[in-house]
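There are 2 protein chains.
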Amino acid sequence: MKSFSFSVEKKIKDGKARAGKIQTPHGDIMTPAFIPVATKATVKSLLPEEVKRAGAQAVLANTYHLYLQPGDELVKEAGGLHKFMNWGGPIITDSGGFQVFSLGVAYGKEISKITKTTDPNLLIPERADDERLPKLAKIGADGVSFKSHLDGSTHYITPEKSIEIQHNLGADIIFAFDECTSPTENDLYQEEALNRTHRWAKRSLEHHKKLLSEFASVSRPSALFGIVQGGRNEALRKKSAKILSEMTVQGNAPHEAGSYGKSLVRTGFDGFGIGGSFAKEDMSTVVKWVNDILPEDKPRHLLGIGEPEDLFMGVENGVDLFDCVLPTRLGRNGTIFTKKGKIHITNAKFTKDFSPIEDSCSCYTCSLYSKAYISYLFKANEMIAGTLATIHNLHFIVHLVEDMRRSIFDGSLELMKKKFLKSYIIS
Amino acid sequence: MKSFSFSVEKKIKDGKARAGKIQTPHGDIMTPAFIPVATKATVKSLLPEEVKRAGAQAVLANTYHLYLQPGDELVKEAGGLHKFMNWGGPIITDSGGFQVFSLGVAYGKEISKITKTTDPNLLIPERADDERLPKLAKIGADGVSFKSHLDGSTHYITPEKSIEIQHNLGADIIFAFDECTSPTENDLYQEEALNRTHRWAKRSLEHHKKLLSEFASVSRPSALFGIVQGGRNEALRKKSAKILSEMTVQGNAPHEAGSYGKSLVRTGFDGFGIGGSFAKEDMSTVVKWVNDILPEDKPRHLLGIGEPEDLFMGVENGVDLFDCVLPTRLGRNGTIFTKKGKIHITNAKFTKDFSPIEDSCSCYTCSLYSKAYISYLFKANEMIAGTLATIHNLHFIVHLVEDMRRSIFDGSLELMKKKFLKSYIIS
Chain A
1 MKSFSFSVEK KIKDGKARAG KIQTPHGDIM TPAFIPVATK ATVKSLLPEE VKRAGAQAVL
61 ANTYHLYLQP GDELVKEAGG LHKFMNWGGP IITDSGGFQV FSLGVAYGKE ISKITKTTDP
121 NLLIPERADD ERLPKLAKIG ADGVSFKSHL DGSTHYITPE KSIEIQHNLG ADIIFAFDEC
181 TSPTENDLYQ EEALNRTHRW AKRSLEHHKK LLSEFASVSR PSALFGIVQG GRNEALRKKS
241 AKILSEMTVQ GNAPHEAGSY GKSLVRTGFD GFGIGGSFAK EDMSTVVKWV NDILPEDKPR
301 HLLGIGEPED LFMGVENGVD LFDCVLPTRL GRNGTIFTKK GKIHITNAKF TKDFSPIEDS
361 CSCYTCSLYS KAYISYLFKA NEMIAGTLAT IHNLHFIVHL VEDMRRSIFD GSLELMKKKF
421 LKSYIIS
Chain B
1 MKSFSFSVEK KIKDGKARAG KIQTPHGDIM TPAFIPVATK ATVKSLLPEE VKRAGAQAVL
61 ANTYHLYLQP GDELVKEAGG LHKFMNWGGP IITDSGGFQV FSLGVAYGKE ISKITKTTDP
121 NLLIPERADD ERLPKLAKIG ADGVSFKSHL DGSTHYITPE KSIEIQHNLG ADIIFAFDEC
181 TSPTENDLYQ EEALNRTHRW AKRSLEHHKK LLSEFASVSR PSALFGIVQG GRNEALRKKS
241 AKILSEMTVQ GNAPHEAGSY GKSLVRTGFD GFGIGGSFAK EDMSTVVKWV NDILPEDKPR
301 HLLGIGEPED LFMGVENGVD LFDCVLPTRL GRNGTIFTKK GKIHITNAKF TKDFSPIEDS
361 CSCYTCSLYS KAYISYLFKA NEMIAGTLAT IHNLHFIVHL VEDMRRSIFD GSLELMKKKF
421 LKSYIIS
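Chains as they are written, first to last, in my numbering: chain A, 1 to 427; chain B, 1 to 427.
Rather than coming from a laboratory, the hints here were simulated on the basis of the structure.
Keep in mind that the hints are not guaranteed to be accurate.
The list makes no distinction among identical chains, and a pair is therefore deemed to hold if it is satisfied within one copy or across any two copies.
[To be verified] Taking lysine-lysine and the DSS-like style, the derived pairs with C-alpha atoms no more than 25 Å apart in a straight line are: (1) Lys-379 <-> Lys-44; (2) Lys-379 <-> Lys-76; (3) Lys-339 <-> Lys-76; (4) Lys-40 <-> Lys-52; (5) Lys-52 <-> Lys-339.
Assemble the whole structure, with the sequences as input and the hints as a guide.
So this is what it looks like as structure tokens:
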């Protein structure tokens, strides 16, 4: 079985966009690539064959959710996530840090992965220990304590615990435990949080290498990515990129079990995530700062981003991987991507529209079903409504990034973007 | 394109069970066969490919539901039900009569397709015009007026209207409009209702032949089945079977358009449904009475029945077709068929059971997923939980009837039934 590697196959002239290949024990990911989210060990409403048929090369599952239910120990006993959920391709798990953020400081507020508001009231610095709203998570120096959103039980996650959970799940690519801060936090808090994230990154890396050395097996994660944080502060973002790029621990090559600490080789992260909750207008600036510093020979994953315009921005700035619930979540709610922008399929004008969502689309849904049928299924609350819409949305986004990859090879990325955004109405 | 025909291929010695073949414009149905229900133009939670992969040869859609939403005219405009829902195989539509029953006299009571109670209080005769409970349907001599369960709008369905709706939907096999009575009705009401059903059957047959002659096209239903009613009254059931068997109207061969009424040929029903709401213990008696009289050369469809033990009873008594929401509805609720009886997959004992639902089962679900995963998906409210359970249940029931067909050919039906029911716990 292949271990983890990354190679840049083509880089555009006068820019940062690049096409590459990530090798994992469960297959390759040709980058740039969009990775659909399988939060709870299933891409909602789709069987794995449909995920693959839509063009997905890998899936990303959420550590936080699977830790709580069914439990990472159970998944390990089942033979790991690949076998448990019947996905033979590469799997990525996140660190749980983002969920800690959304259950903690962001809980009950309108702050998400992308924060569109620039409301000055919301931008008043708030500390994570602000008690005006109920929170399910509390951040300490050593880790995070939180209450399960399922049953209220109390849990404590440290970097070591996060890595252990991710090793039990057995994804191909895992992430260091981090603290995702709100864009509304002040610089003082951002710096404090970032230092914590870096300490946690080091401990994650150490524990990952330790586990690899002690129990090396093909079913263990072969790659660990560090997560760059720092909010929208230039100095902090650059510092984070530099520190994580240079961070190494004593380790040894994969599959050399039983020799932890004995090797003189120092190894670092296999790739990097760019984390954070962004005001939309800050995102490209942050990605630019960070990717100027991150090493060229390691893959970069922009976490939780999936709008077409943001995917272009990321690819142009040297991002290799994206994941986002957007195409699947929107699909289940009847919002569908088209080359002209998003449409709401239950809109009256589609009731008698017997053409496919897009004539030019080769997805399963567009090949066989009309807008009228899908619109009717949503109105009738039929389960396959979400399935059909999700298949198209996933196909749309996955192939959009695949097209970007192709255009990197033939030098037409800029042209392709212009053409796409000329007809696509951003909403 | 083939028109409708039926042939008996094998009949067992010393019994009524038979294997046959129904030819329709959209393919053959090898009988006996279980037909899954696609109430609202979709077998709930499954894409059509999964329905086919589970072994289904045809689907049955509900006229009442499709008439109200999206409307039969819209389905017609879409090119008919086959195209609209992407099901290339044979389609059957019911008459709407059962829904009229369940929204009328049975509304708000514990009376369904199979009524398990023999509570003497419930068996006190009640008339359909009993006003103690709110009803959505009212039966008149000419047809039924009812209120939509969706928006409260008022509708009136006559036999002609039911046939017209079914022609618009364009299924291969359609049913005459009937009144399904409650087993709690007295003999007087049963007789009155039966006479009405027979008058409606005649009008359905006449209107079907008229429409066929006037607008003959390959997209029109090629077969009309009459529905035998009569509650649990022997004389009425036998009378109904005889009258419908002998009922003919002036007609002409299919696809001889524009000659309605000019032909001297008298034609009758292409097959028969056995309708009714049954106390479980009455069902086999009723089926025996009826099938003794119905012609051997026409197919017989026992409407709405799907429990394994009832399928055996039906096949033994010469039934060729069954349909039922049972395997799909139970599947969505986490109740799964096994050779040892039904199991509830969320039961604690399956939490760490990493074996498939049935080792010997060749369905998609059993080939790739563990009980632990399916159990977890139900607890996590994931959409594909219902999909995976439904696939197995459908495969189980469809193949059970397929096995009966095989055993008819090799003379082992009795043995096969004994073997099955020895391990299968009826619940």
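### Query
What hint numbers does the structure not satisfy?
3
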